[in-house]
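A.B. asks: Could you put together the complete structure from these sequences and hints?
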Amino acid sequence: MSGTTDAVATRPTAGSDLAQVLELSPVESHLHPEGSFDLADHPVPTGLEEIWRFTPLKRLKDLHTEAALDGDQYTVAVDAAEGVTAVSVPVAESARGVSGYVPNDRISARAWDAAQSVFEITVAKDAVVEEPTYVRLTGTGTEKAAAGQLLVRARAFSHATVVVEYSGSATWAENIEVVLEDGAQLTFVTIQDWADDAVHVVTQHSRVGRDASFKHVAVTLGGDVVRASTSTDYVGTGGGVELFGVYFADAGQHIEHRLFADHTAPKTRSNVLYKGALQGQDAHTVWIGNVLIRKEAEGIETFEQNDNLVLTDGAKADSVPNLEIETGEIEGAGHASTTGRFDDQHLFYLQSRGIPEDEARRLVVHGFFNDIIRKIGVPHLQERLEAAIEAELSAAERAGAL
Amino acid sequence: MSTLEIKNLHVTVDTEDGAKEILRGVNLTIKSGEVHAIMGPNGSGKSTLAYSIAGHPKYTISDGEVLLDGQNILELSVDQRARAGLFLAMQYPVEVPGVSVANFLRTAKTAIDGEAPKLRTWVKDVNAALERVTLDPTFAQRSVNEGFSGGEKKRHEIAQLELLNPKFAVLDETDSGLDIDALRVVSDGVNRYTAQGDRGVLLITHYTRILRYIEPDFVHVFVAGRLAESGGKELADQLEAEGYDKYVKAASV
Numbered sequence: 001m002s003g004t005t006d007a008v009a010t011r012p013t014a015g016s017d018l019a020q021v022l023e024l025s026p027v028e029s030h031l032h033p034e035g036s037f038d039l040a041d042h043p044v045p046t047g048l049e050e051i052w053r054f055t056p057l058k059r060l061k062d063l064h065t066e067a068a069l070d071g072d073q074y075t076v077a078v079d080a081a082e083g084v085t086a087v088s089v090p091v092a093e094s095a096r097g098v099s100g101y102v103p104n105d106r107i108s109a110r111a112w113d114a115a116q117s118v119f120e121i122t123v124a125k126d127a128v129v130e131e132p133t134y135v136r137l138t139g140t141g142t143e144k145a146a147a148g149q150l151l152v153r154a155r156a157f158s159h160a161t162v163v164v165e166y167s168g169s170a171t172w173a174e175n176i177e178v179v180l181e182d183g184a185q186l187t188f189v190t191i192q193d194w195a196d197d198a199v200h201v202v203t204q205h206s207r208v209g210r211d212a213s214f215k216h217v218a219v220t221l222g223g224d225v226v227r228a229s230t231s232t233d234y235v236g237t238g239g240g241v242e243l244f245g246v247y248f249a250d251a252g253q254h255i256e257h258r259l260f261a262d263h264t265a266p267k268t269r270s271n272v273l274y275k276g277a278l279q280g281q282d283a284h285t286v287w288i289g290n291v292l293i294r295k296e297a298e299g300i301e302t303f304e305q306n307d308n309l310v311l312t313d314g315a316k317a318d319s320v321p322n323l324e325i326e327t328g329e330i331e332g333a334g335h336a337s338t339t340g341r342f343d344d345q346h347l348f349y350l351q352s353r354g355i356p357e358d359e360a361r362r363l364v365v366h367g368f369f370n371d372i373i374r375k376i377g378v379p380h381l382q383e384r385l386e387a388a389i390e391a392e393l394s395a396a397e398r399a400g401a402l
Numbered sequence: 001m002s003t004l005e006i007k008n009l010h011v012t013v014d015t016e017d018g019a020k021e022i023l024r025g026v027n028l029t030i031k032s033g034e035v036h037a038i039m040g041p042n043g044s045g046k047s048t049l050a051y052s053i054a055g056h057p058k059y060t061i062s063d064g065e066v067l068l069d070g071q072n073i074l075e076l077s078v079d080q081r082a083r084a085g086l087f088l089a090m091q092y093p094v095e096v097p098g099v100s101v102a103n104f105l106r107t108a109k110t111a112i113d114g115e116a117p118k119l120r121t122w123v124k125d126v127n128a129a130l131e132r133v134t135l136d137p138t139f140a141q142r143s144v145n146e147g148f149s150g151g152e153k154k155r156h157e158i159a160q161l162e163l164l165n166p167k168f169a170v171l172d173e174t175d176s177g178l179d180i181d182a183l184r185v186v187s188d189g190v191n192r193y194t195a196q197g198d199r200g201v202l203l204i205t206h207y208t209r210i211l212r213y214i215e216p217d218f219v220h221v222f223v224a225g226r227l228a229e230s231g232g233k234e235l236a237d238q239l240e241a242e243g244y245d246k247y248v249k250a251a252s253v
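Keeping their order, the protein sequence lines are chains D and V.
Sequential numbering from 1 applies to the first sequence in the working numbering.
Sequential numbering from 1 applies to the second sequence in the working numbering.
Quick caveat, the hints were computed from the structure, so don't treat them as lab data.
From a predicted model like this one, the values you see are computed outputs, not experimental measurements.
All residues carry an ideal CB built from backbone N, CA and C; glycine is no exception.
Be aware that a few hints might be false.
Said to hold, decoys possible - Here are some chain D residues the structure puts well away from chain V; computed CB gaps all over 10 Å:
#1 D62
#2 V87
#3 E130
#4 G328
#5 G354
#6 E390
To be verified - Computed from the model, here is a short list of chain V residues facing chain D with C-beta under 10 Å:
#7 I6
#8 P93
#9 V96
#10 Q160
As the list claims (entries may be wrong) - Taking lysine to aspartate or glutamate and the EDC-like style, the derived pairs with C-alpha atoms no more than 16 Å apart in a straight line are:
#11 K295(D) / E329(D)
#12 K295(D) / E326(D)
#13 K233(V) / E16(V)
#14 K58(V) / E326(D)
#15 K316(D) / E357(D)
#16 K58(V) / D182(D)
C.D. replies: This is the structure we're talking about:
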């Protein structure tokens, strides 16, 4: 842990760092909290703070207070494709921080502080890698909390897919940085297929280079509490991000996704689409979609959308899009949010053609997710998602929730 | 030979002021091979009759029964009624996002027949059915009714009618909102269906126009929740000339 402290002491704050690199004007926006590596700058949240008000702090197993993050109840397996290196590097020797990320909440700052090593995945310059690279993290218990740190670097003009899968039981605080150099194309997938008791709080920041193209797919199926904060900014013109999310919350589950697209360069694009289904008592999902278009970010295009399908009584979806625009010179900016109950008209129509109710319900739910699954563009993952949705519906049927 | 018997059907809907009776004792028997046209003014309860037979949850049956070959289908779920041989072509077909027409039709056909259709012939059958109602085969890949024009939705209903081939079809204002070309396409589809000789149709309409293309065996005037008069197709001509006024007046007395 000593190495971490040194790194903190010499690092400038994020705001000035980014501003220097990009020559940005200062921005006063609640969407853009100043980060800090110093834990003292991150008091223990009370739950009243804007960024914490939806999160059930009591179920975080003290990740947000003082839980030691030195647990070892997990295993990591890596299946790296050719052209991709995946190695664990001690913090002092790692390139962490290269995305410009500075922790902007207490759990992230604690995880940064506690991390002993950084798992670095690097796609070589110009490498075009068809096969996805897999990192599989399996938790074996929730008693001891642990901190993880991942850095994914897509070198210039590389083309690759990286999939991180989480399963089992864990209390896991994590920082993920993703850096796309100029012209790189990266699809980065996280699949949170945790057991019912897992707690996962992850902060992910991506920095997108000139003409680089980043696709992030967040799949959240399991866990007691999953909170994922995902942000992106740009260091050159022409960069684009697609942030896709698919989630399915069951009884008692809390799934929270917080997105932030920080348009720091001209002619950049962000397209956010998150779709989720909820079923069962106290299933709770939260989606926060923040977009900031800075004065320098002329000619950008952004759209963010969140759709929720509430399948049963007792489930709750919160959906909050925020858009702040500091320049009028943009191509387009918009957002949409829908939260709907299961539509009886759909059921009636399908049933009137002879399709039994349970099958009609399946059709409608699969249909709801269909467009986003098609957009993911990773064939193996598409099949897996179809199967996962099917499994969620079957489990709910067995439990009598539907 | 099948029979659909509607006996003393009373139906209510829940309103803010309590249950309101919409159907007030409907009696009608349709045999296979027959086309019955039900005509009536807006608000007379025609669509309620259609949806009640199909089993829409919005409507409450307060009395009566609907027998399909002696079985009271009011005791069946919506999908069971369809599998028993009933089809409702809706006035406003529902859009089902993300569910392709191809998947929808195959699932419906499998449910109705109790076994999956043969893959090789089925795709051809679907394409042929779509083409007969002048829908491009690419419609099979689109989401059910999503982004379809009003006319395309109606033609899609008729394609389903032909593919699922029920014993009895209830057509709820299938003609409304159609231009003359689409009306011909839809009517031709219904006529192909009835030409089999052993299928029954309950054609609900506001206008006599469609009866120039689909010849009814019986015409019924529907006013204030029940049949006010029944006759042959000459009754349609009379309605064309005189309208519903005298029936509405009589019913309001």
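A.B. asks: Now tell me if each hint is right for this structure.
C.D. replies: Taking the hints in turn, this is what the structure says about them:
no. : hint              : verdict
1   : D62               : 41 Å, holds
2   : V87               : 41 Å, holds
3   : E130              : 27 Å, holds
4   : G328              : 32 Å, holds
5   : G354              : 4 Å, violated
6   : E390              : 14 Å, holds
7   : I6                : 18 Å, violated
8   : P93               : 7 Å, holds
9   : V96               : 5 Å, holds
10  : Q160              : 7 Å, holds
11  : K295(D) / E329(D) : 9 Å, holds
12  : K295(D) / E326(D) : 5 Å, holds
13  : K233(V) / E16(V)  : 40 Å, violated
14  : K58(V) / E326(D)  : 49 Å, violated
15  : K316(D) / E357(D) : 24 Å, violated
16  : K58(V) / D182(D)  : 58 Å, violated
The structure does not agree with the numbered hints 5, 7, 13, 14, 15, 16 stated previously, though it agrees with the rest.
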